[in-house]
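Student: Given next are the chains, with one letter for each unit.
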Amino acid sequence: MDNSNTTHIKREVLVRLIHAFINQEMGNVRELPFQMRPKNGEAPYRCCIYKERAILRQRAIAGLGLSVETDDEMTSLNTYAQQAMDRTEPEKEILTVVDAACKGCVPSRVYVTELCQGCVARPCVSTCKFGAIQIKDGRSVIDGDKCKNCGMCMQVCPYSAIVKLKVPCEDACPVGAIHKNEMGHAVIDFDKCISCGACVGACPFAAVHEKSQVIDILKEMKAGKKVVAMVAPAVVGQLPVSVNKIAQALIESGFSEVFEVAQGADTTARTEADDFKERMERGDEFMTTSCCAAYNELVEKHIPELKPFRSDTRTPMYYTAKFVKEQYPDCVTVFIGPCVAKRKEAQKEEYTDYVMNFEEMGALFVALNIEVANCEDYHFANEASKEGRNFAVTGGVAESVKVALKDFPELFPTCVNGLNTKSVKDLKNWAKKGQCPEGNLVEIMACEGGCVAGSACLNNKRITTKKIQAYAGESKCINDLPVIEPKTN
Amino acid sequence: MADEKILLELCFGTTCFVMGASKLQEIESIIPPQYKNKVEVKAHTCLDLCKNSTYMKAPFVKLDGEIISEATVEKILKAIERKIDG
Ligand code: SF4
Ligand code: SF4
Ligand code: FES
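Listed in order, the protein sequences are those of chains A and B. By the count of the working numbering, the first sequence reaches residue 489 at its end, each step adding exactly one. By the count of the working numbering, the second sequence reaches residue 575 at its end, each step adding exactly one.
Note that these hints are calculated values from the structure, not bench results. Just so you know, not all the hints are guaranteed correct.
A few chain B residues facing chain A, derived, Cβ under 10 Å [what the hints assert, rightly or not]:
no., residue
1, Q514
2, E515
3, Y524
4, K525
5, L538
6, K540
7, E559
8, A560
9, T561
10, V562
Derived DSS-like pairs (lysine-lysine); straight-line CA-CA distance at most 30 Å [to be verified]:
no., chain 1, residue 1, chain 2, residue 2
11, A, K219, B, K546
12, B, K531, B, K546
13, A, K166, B, K512
14, A, K467, B, K572
Where is the CB? At the ideal position from N, CA and C, for every residue including glycine.
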């Protein structure tokens, strides 16, 4: 997410939807695109306001937590708003492509630029195994029907005149789950998709949306339930204030209590340390971490051979939610984080009810007119450790296991910092060979840099990384903190 | 006039930050060298421009008192250029 214009539009839609809910104006949601692009107004980004309204309408569908794919373009946003109000649980697939926004990208292909000098050597012509290149009018020309996009000609051109036009979402996807269809829209194959969110961040038109659960969460609050927020370690620094102020702003937004998922990260670290020790002692070659939800999806869908090497430890979100539900059996739990894949994980486990991302949290504060800087400091009931609070930064998880293990000289940590086609290939290889040449404790993070680089962050990862490290630096070592138990009465 | 600085006021209040001011945090380092020492940068938490329903025009920035709405790095740099070069 580094495009100011699309960020602004996406968030404005969310703010307006939250406003509509709070002011009991869900019956007027169909006006949203017209309010944002009024009659005789300007169309700042696309050809005309009609096109922009069509895109905004679809963004609102995603904001209501529904699929754009099944939209017939005739149904009123009011009808969709009603569906969102009536449903009792969020939809199963968690991403949707706003096809009205997705059209800018030409299909991926190899292309000869005007830098072509029509040289006499013509290595491109002789290199192409498919006979797709000919010289016409002194320039090399690729026959699209014959070209297989192998890119060999690009490598041999002495002028670097041949380039590959990329489709950003396709290029970002580590598992080949997103492609343009004949209509020119990107389509996600959910059988392959691991919910990593790479396409969400990569699309310059912000066409890939998460289906929001904000309305569902607001409904629970309105029904008078005890709704508990569980903030991921990456929350630190998302706004330019302390995490205690962010937590207090959540209370002012209607949450009853706020827990740091870092407390669950402590449980993950301790459990994983025991698991690692046991595995090494029985002679295993290596163990991978298991806290990244997108990595877990990758293992399930693409590399089942890795299962025996993946720790059986559950994620920080799981342990935190379990703790909260044991303490308050009737409450509603909401995980707040930067991550698409956590929505999938929440659907699969029994303790986390909803997921809200950081952008939605920000939109909530804006809609409610909460100035976070003016909030008091919230006091968390439980203390989390330095190591747990560092989970959001690459290397943090492996380090936590190392510290929790205390003295275990046979530990060689390594990190897979970001899932991409190359690291996925490496992982497959290690699983096949049953060996990892890089180390015996392999930390795996789908996002490069860790959770601070998740697709729904409000602040840039360099700044949040520093803030998290400073916050962790003031915290106690995991080995000096008692294991906490839920308070039940 | 020559050595008088122009005042760039950034807003990092919640509304502005969420609506895009996070991208303006490093603007000081992006101002081209020829303008750099002619601009004084000041940060605020809420310039009080975001209340009511004006939030959709955030982030707000003030350049010598003049309000720039839906501010982006490009918009601000252009405005600085216009102010200084006339
Ligand atoms: S990056 Fe993908 S989703 Fe975005 S416009 Fe291009 S094809 Fe569509
Ligand atoms: S979420 Fe990840 S796996 Fe799914 S389509 Fe997007 S990039 Fe591919
Ligand atoms: S937050 Fe910027 S004007 Fe209020």
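Student: Could you tell me which of the numbered hints above are not met by this structure, giving the numbers in increasing order?
Tutor: Numbers 3, 4, 5 and 14 - these are the hints that the structure violates, sorted from lowest upward.
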